Each structure stands twice: as structure tokens, then as C-alpha cells.
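Same order as they appear, the protein sequences are chains A and B. The opening position of the first sequence corresponds to residue 1 in the numbering used here, with each subsequent residue numbered one higher. The opening position of the second sequence corresponds to residue 1001 in the numbering used here, with each subsequent residue numbered one higher.
For the record, the hints were derived by calculation from the structure and aren't laboratory data. This structure is a prediction, so every number in the text was calculated from the model and none was measured. By construction, the Cβ of each residue, glycine as well, lies at the ideal position given by its N, Cα and C atoms. Worth double-checking, as some hints may not be accurate.
As the list claims (entries may be wrong) - Okay, derived cross-link-like pairs now, EDC-like style, lysine to aspartate or glutamate, Cα gap no bigger than 20 Å in a straight line:
1. A:Lys37 - A:Glu158
2. A:Lys118 - B:Asp1027
3. A:Lys109 - A:Glu56
4. A:Lys118 - A:Asp183
5. A:Lys195 - B:Asp1215
6. A:Lys268 - A:Asp290
7. A:Lys195 - B:Glu1217
8. B:Lys1195 - A:Glu71
9. A:Lys226 - B:Asp1196
10. A:Lys226 - B:Asp1290
11. B:Lys1195 - A:Glu3
12. B:Lys1195 - A:Asp196
13. A:Lys118 - B:Asp1183
14. B:Lys1118 - A:Asp292
What the hints assert, rightly or not - Residues of chain B placed beyond 10 Å of chain A at every Cβ, according to the derived structure:
15. Asp1027
16. Gln1077
17. Leu1111
18. Leu1162
19. Ser1199
There are 2 protein chains.
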Amino acid sequence: MEEIKIFAPATLANLSCGFDVLGCCLDNVGDEMYIKKNNVNQVRITRITGQVLPMETLNNVAGVAVQALLENLNSTQGFDIEIDKHIKPGSGIGSSAASSAGAVYAVNKLLEEPFTIKELIPFAMEGERLASGNAHADNVAPALMGGFNLVRSYQPLEVVSLPSPPQLRVVILHPLIELKTKDSRSILKQSVYLKDAVSQWGNLGALISALYTEDYELLGRSLEDKIIEPVRSILIPFFDDLKKVALENGALGFGISGSGPSVFAMCKGDTVAASVKEAMQLFYQEKGIDFDLHQSEINTQGIKIL
Amino acid sequence: MEEIKIFAPATLANLSCGFDVLGCCLDNVGDEMYIKKNNVNQVRITRITGQVLPMETLNNVAGVAVQALLENLNSTQGFDIEIDKHIKPGSGIGSSAASSAGAVYAVNKLLEEPFTIKELIPFAMEGERLASGNAHADNVAPALMGGFNLVRSYQPLEVVSLPSPPQLRVVILHPLIELKTKDSRSILKQSVYLKDAVSQWGNLGALISALYTEDYELLGRSLEDKIIEPVRSILIPFFDDLKKVALENGALGFGISGSGPSVFAMCKGDTVAASVKEAMQLFYQEKGIDFDLHQSEINTQGIKIL
């Protein structure tokens, strides 16, 4: 295979009680990437549409992720990478993760799969390190693996795949204000109250249980965040009101997507998701703030070949 | 029914990464209780063997738990409670929880079950409040419900029942030094580092997943505690060495049982458990410290009628 075209999905990290450890993969929100071998022994970003992003290989998240993979293999094979960005950088739904994960997935395919999908995660994390200063895995793991994923440990890296209850739907609202992951991370406190931490891990444990038992109501009750949300939600216009609107219209839970400013409402079934989406849309339109809005199933496949 | 005799099991709370939220129920370690209706409209502790404990109803954990249940029902029925204590108070394997949970279970049976088992938890928690100053549920819930239980929330109380991988075995070593839950709790810091909390909830999430998938190795790797164990283990003689002995002999994981001083080794299968038990026994004998030692399956039933 000389070339490949893929869909690189957006992802939802943190999920309220799962800060820095939990993420899930979205469908019908994502980038398209076209990657082909070249014969100049270089990784080149040859085209980016949709967004203005660095074209230099080592300043581009896809570029550094592929370089990391090739260095591990001692390979001198070159690749040309084209990216049609549909996920806006700084939105909080894994824009950099989609590009990093998509690039290493495609290159691995073109090299006849020297790595398993799971083994690609550390290479994609190098893109995250470039984007945010922190090589986190809670977006790249679900982008690559699909479904829900838990990062149990970073030293050594261990990612646990979790089941996805089939009726789960996600509504994502992205207020069109830019919020850099670095900035959003810098406002967090380095210490937390033990009692809040206990409440957080009680909720996370229950959320994991709910994924296995398909207990949608328990899942909703578990989407509670006493540590990060109270701090970060201040940066998101009308967060508390929007949460109220989503929950009043039947959402199971509501929280900040990744480091924001996007927010998510988790819903059971298409009908509820559609009315939550409409209510959130109406509320934000009234406030006069520009936004993007998505409704998605959980993508259990991850990256898709087009 | 006028009288009932029950087995009230010991329990293992916290389980390393699940401080204050997780517990499981043990088998063949526990108290026996004999409870009968009386016609003097009073709850009386009529006999306690095996340990010296308060006989006054309102100073006895079983007494206050039963009083709380009866007050909720506005019942004036009296009961005589006899307890054969086989679990030593202050051991860290739920001595007070066994008495509280056993008493409310028995009284509920004698009253023809006005409450479900789950509804008995708050009454049993009143016994815990008396014993430790803190109405925690991570021992009484597994004592009543059997198996593994997660306390998602206290306000309102929500307990989630979890599956028990069938080959799990627990070895418990109780160094015969007394450690009051109150004292063991007072040495904990009220604040923790966010990065340690993240690591803790990553492990707890993975542990819950491992219970569902019966992934014993993952369960073992998840039994890690960066927050409580480093502080509390100082109070337990030769903790680090004993942990090393258990792990070297094949234990999946090792940690402090409840607030200590008992420690537990989680093992896969009877054979491994037996050799871990023997190695721990030899090590502690060499050190010249008195101890009790138990090996148990996970008790998925909870309290048993004898």
C-alpha cells in the first residue's frame, strides 16, 4: 500500500470524574487525512486545509508523532501528509490528538503494521506533548482504540479498554472562544482536598461499573466533578446555566470536554440527545455567542479507513 | 420467627486505591450472633464472649444500629442480642461493622423484613459512627451485601454492587498491636497532590474494570495506593518487607486492610494463597511479633443464617 485516506475522530477526555485518565471516541466529528509514501526520505506536511497550523514537520503534531514512530523503527521511509481539519484547535475535543493519532495509524498501515494499535499510543502522545506541553493519552488512546478508554498508569503506560453502552449519545457545544490547554491547565491547583478526591474516585468507580452494566442512570449520577469543573467552568460562558438547560431537557450528565471550552451532554438515545441539542442551541443563540454544535454516537472503532 | 442465629463476616475496606469507597466481604472470618425478641420493649446486649466490649445498648455498636432501625419504624419491639466475637476490635477487618450489620440484618429478619438489605446500610452505619466517629459504609455495605461494593456517594447514600472474580483469595495478617480507626485517620493529611489523586482514580477505575473482566493481573497492578499507604504503613511493623514477601510469593497485590494494622494479600487461587500465607507467617514469626492469620474466599452472600 502506497497511500491511505482516513477519518481521524474527535474525542472527549476527562468526562467529569475521570480527569486525565478517561476518554471516549466520537463519530461524525473529525478530520480527514491523506497520507502517502514519498521517496525523499522525509516526513512532510504537504497540505493543511480548514485551519492555519504549522507546516514544519517538527512543529506539527502529526509530524512529530510520525517522526517518533519512524525513529523507533530506524526507518528512513518518507511520507507526505495532508490534513483536512474539521476539528478546531483549542476546542477541547482532541484536535491535536486526531492529527497525531491519525498520522501514526496511517503510517503504521502503510508500513504493513509493525505495531499493534495499542503500541501506537506512545508515538501519538508525542504530538500531545508538542501541543500542550504534556504527553497525555486520554485523547489519543480513544482516537486510536475507539470507545471508552482508561489510562491506568503512565509509568509504565497502561491503557484499559472499556465497553460502550449502545444507546449513549453525546451532544458537544463548542463556544467559539479559544482556550489553550496550557492555560486551562495552569489555573488548576496542585493540591486538592482528600474528601473531594475520595468523592471523585467514588464517582469514577461507579462510572466504570455503569459502562459494564449499561446502567445509564448511574452513569449520569457519576458524571460529577468536584475538583476540576468548579475551577475551569469559570472560563466557559454561562456554564452553569447551560448545564441546567441540558439536565432539564433530559441529559444524563453534563461537563467540560477535555480542558474546554467545549462542553458535553451525555444522553440516552437519539430522541433525548436531539432535544438536549436543540435546547442548548436556543439558549446559546439567545446569549449571542457563536458556537459549533455536534451530536454523536460513541465511535467504537476509532480511526476509519475511507 | 422469634430468634435467629447468624454469621456476621469480617470485611476488607479501602483495598489500596479505593480509600473510603471500596470494600469486600470475607468468608470463614467473622462473629456469631444470636438475637431473639424479648417482651420488655428494650434492646439489650445480654452476652458478649471473646472480647470485652460495652454492654450498655447505646455504647454498643450493635445496640445503636438496632435502635436506629427501630426508631425509623417507630417500633417498640425489644430484642436480646448475644455476640460471640471472633473478630478482634481494632484489627482493621471490620469488627464493629460485623456487629452492626449482623444486628440490623437479624432484627430485620425477625420483623419480617420491613427493609431490603440495601436499606439496612444506613442503620448499620450508626454503629460505625459510634466506633470511629465517622459513619462510613465501606465495611457495613459488603458485610450486608456480600462481594465487592463501592460507595459512590454519601449524600445521598449510593452503594454499587460489583462482581467478584471467582478465583480471588485473600490472606489477612493481623499484627497484634491495637490501632484505633480514629487515631489511624487522624494522621492522614487533609490535602493531597492532584497528580497522586489522578493516579489513585486511574487505579481504582482499572480495579473496577478488572472485577468485571476477571483480569487478575490487572487487578493486581491496580492495587496501588500513593496517598494513604505511605502514611499509614509506618504504623504497621515491617510493612514494606511483608509486602515484598507476599509479592515475591505470587500475591497479585498487597495493602493495608481498612485503617490497619491488618494487612491483606490478594491472590489468585488456593495454592498461591496458601504459599503466600505460609511465607507471611514465617516472616512474622522470625520477627517475633504476635499475629493472627486468615485465608478466605470472597464471600458473595454476606451475612449467613446459621
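* What are the numbers of the hints that this structure violates, sorted from low to high? -> Checked against the structure, the hints that fail are numbers 1, 2, 3, 4, 5, 6, 7, 8, 10, 11, 13, 14, 18, 19, while the rest are satisfied.
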